[in-house]
Amino acid sequence: MTGWSFIRLATILVYLFMFAPVAVVMLLAFNASQFGSFPMTGLSLRWFVELAQNDAIVRAFQTSMVLGALTSVISTTLGVTASLAMVRYDFPGKNLLNTALIAPILVPEVVLAVSLLLFLQFLSMPKNFVLLLLGHVIFTLPFVVLVVQARLVGIKKEYEEAAQSLGASPIQTFFQVTLPLLMPAVAAGMLFAFTISFDDITGTLFWKPPGVETVPTQIFAMLRNSISPEINALGTVMIIITVALPLTGAGIARWLASRSGG
Amino acid sequence: MALAAEGERDARPWILLSPALTAITLLLAIPTCFVVVYSFWLRTATGDEQVGFYLDNWIEVLSDPFYRDILLYTLKIGVITTVCCALMGYPAAYFIAFSKMRNKAFLLLLLMLPFWISYIIRTMSWINILGVSGAVNYALQTLGIVGQPIQMLYNEATVVLGLIHFLLPFMVLNIYVSLEGIDPNLNAAARSLGSTPFQAFREVTLPLSLPGLAAGSLLCFVLGSGTYITPLVLGGPGDGMFANLIYDAIITQLNWPLGSALSIVLLVVLGAVVLLYNRYLSLGQISKGLG
Chain V
1 MTGWSFIRLA TILVYLFMFA PVAVVMLLAF NASQFGSFPM TGLSLRWFVE LAQNDAIVRA
61 FQTSMVLGAL TSVISTTLGV TASLAMVRYD FPGKNLLNTA LIAPILVPEV VLAVSLLLFL
121 QFLSMPKNFV LLLLGHVIFT LPFVVLVVQA RLVGIKKEYE EAAQSLGASP IQTFFQVTLP
181 LLMPAVAAGM LFAFTISFDD ITGTLFWKPP GVETVPTQIF AMLRNSISPE INALGTVMII
241 ITVALPLTGA GIARWLASRS GG
Chain G
1001 MALAAEGERD ARPWILLSPA LTAITLLLAI PTCFVVVYSF WLRTATGDEQ VGFYLDNWIE
1061 VLSDPFYRDI LLYTLKIGVI TTVCCALMGY PAAYFIAFSK MRNKAFLLLL LMLPFWISYI
1121 IRTMSWINIL GVSGAVNYAL QTLGIVGQPI QMLYNEATVV LGLIHFLLPF MVLNIYVSLE
1181 GIDPNLNAAA RSLGSTPFQA FREVTLPLSL PGLAAGSLLC FVLGSGTYIT PLVLGGPGDG
1241 MFANLIYDAI ITQLNWPLGS ALSIVLLVVL GAVVLLYNRY LSLGQISKGL G
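If you read the protein sequences in the order shown, they are chains V and G.
First residue of the first sequence? That's 1 in the working numbering, and the numbers climb one at a time after it.
First residue of the second sequence? That's 1001 in the working numbering, and the numbers climb one at a time after it.
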């Protein structure tokens, strides 16, 4: 029993270690003191107001949102079609191709970032938003493929076969049977891609054109210049977006499932 | 007729795969090969690149002890981080897997949360804890233990700390997945045959969880050794890792041929670790954690 209490204590400490620093970021975001650090002098929303009034931050925010949305649509389209092929069909070289699809996470992200940057610059493509978008698509693709494949395995092939035997064309079958069944996987893939894109800094620092910032690179720049008090508020907004979004999504999915089930 | 239908069916997976494979080829495979070519070019004094076959970058990278030392330092940091993650992660994963409490799902959900929180935020959060005006210094000063705030940040230890904080969830999740897959009857059988709880753990549970431990270690090591953000945010001037050399060469010095050679070195070293792992254990274990 003492062994078990030791394990429990260790677990509590590990969870504290994982969450205390992040909790402190969120706590200090509401600090009324003018330095944004300890001690807490009171609760205030002043740093959030300053965020909204800071043009650079608002622009970074818009860039991140647009980039994340486009990345998630493109990456999920590529990922869902590829996963369908992987789960639904047998063909030669399947294992090799599966490895190829997740290759972008097997290559260190720095190397991925350098290769793409140098290659597209060699093709005389300037550092621009498209480079950033292509980078985010290739980097998020393996995650989408893994998540969508895992969900797809659970969808029975029989439904599609039934539809086809009742006279539906393959296209009709896809849009009326496969896609509706696939929607949770598509949604999960899109959310995942959006979050990864929205949070990414390693590749983004290489790909971003000068003068363009995403929220993470903006935070990075603010850290390097001087620790500005707004930084905790900006971090908090980011956490809320990337954590609340999937949780709300999961909640809605559960609610829909329980409604259709009952 | 039957053959024709068979042929048609065979084309469909390729149509479905073509967009993703095109993207992988154009944005990953060809660019990576191109970096190899680029590493043999030369950056001239005027800043232009000279196309050709020059070994200068490679001679510099492979013979200068400066690069070798930083590579070894990077691998050392990777190993320390991985070992710490394993030591901290195992008990937590064990607790989540075998706890009888009702809040187990909540613990699992919490474990997933760090994956949704940006790496940069998790890294910079330590400045609020250990910085000159952070929580620890505030506590020490309030308690009167120190008069002046102590500078605890910007050294090797805080780089390792930041990396552990970033990578621990990968470790816990992978160990948890493999612990969860163990048949509880095995442990019970070992106990009924007379082994102590610790013996049962050592002889049954631990060996069966090694695939998860190995998968988590691989992720921690490869991700930890390939980063440049943590040393930039939490390290001092001398704490740069190998990826920082690449960042400096490409972004600061604009010496792209040198940066290419350095990138290939990192790719080969970390790629060798992944291949070695895949030789003995399957990479499939890692995707299990994500699904």
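The hints are simulated quantities; they were obtained by calculation from the structure and are not laboratory data.
On a predicted model such as this, the values are computed, not experimentally measured, just so you know.
Built from N, CA and C at the ideal position, the CB exists for glycine as well.
Possibly wrong hints are sitting among the right ones.
Just so you have them, the derived chain G footprint on chain V, three or more residues with Cβ under 8 Å [as the list claims (entries may be wrong)]: (1) 17-25; (2) 42-55; (3) 74-81; (4) 178-185.
On the chain G side, residues computed to face chain V include the following (Cβ under 8 Å) [unchecked claim]: (5) P1019; (6) I1030; (7) C1084; (8) M1088; (9) N1128; (10) Y1138; (11) L1140; (12) E1180; (13) A1189; (14) A1190; (15) R1191; (16) T1227; (17) Y1228; (18) L1254; (19) L1266.
Restraint outcome when C1084 of chain G is required to lie within 8 Å of chain V by C-beta distance: violated (11 Å)
When the least beta-carbon distance from Y1228 of chain G to chain V is tested against 8 Å, hint result: Check passed: Cβ of Y1228 of chain G comes within 6 Å of chain V, closer than 8 Å.
Chain V contact restraint for P1019 of chain G - C-beta distance below 8 Å: This hint holds: P1019 of chain G lies near chain V, its Cβ roughly 5 Å from the closest one there, short of 8 Å.
Hinted contact M1088 of chain G with chain V - closest CB pair below 8 Å: Hint on M1088 of chain G: holds, closest Cβ of chain V at ~5 Å, below 8 Å.
When the least beta-carbon distance from L1266 of chain G to chain V is tested against 8 Å, hint result: For L1266 of chain G, the interface hint holds, since the closest Cβ of chain V sits about 6 Å away, which is under 8 Å.
Verdict on chain G covering the region 17-25 of chain V, where coverage means 3 or more residues with a C-beta closer than 8 Å: holds (count 8)
Per-stretch coverage check for the region 74-81 of chain V, three Cβ contacts closer than 8 Å to chain G: holds (count 4)
Interface hint for A1190 of chain G, Cβ within 8 Å of any Cβ on chain V: Check failed: Cβ of A1190 of chain G comes no nearer than 15 Å to chain V, outside 8 Å.
Hint validity - I1030 of chain G Cβ closer than 8 Å to any chain V Cβ: Holds, about 7 Å.
Evaluation of the interface hint that places Y1138 of chain G against chain V, nearest CB under 8 Å: holds (4 Å)
Coverage criterion applied to the region 42-55 of chain V (partner chain G; beta-carbon cut 8 Å; 3 residues): Violated: only 0 residues of the region 42-55 of chain V have a Cβ under 8 Å from chain G.
Hint validity - T1227 of chain G Cβ closer than 8 Å to any chain V Cβ: holds (7 Å)
Checked against the numbered hints listed earlier, the structure breaks hints 2, 4, 7, 11, 12, 13, 14, 15, 18; every other hint is satisfied.
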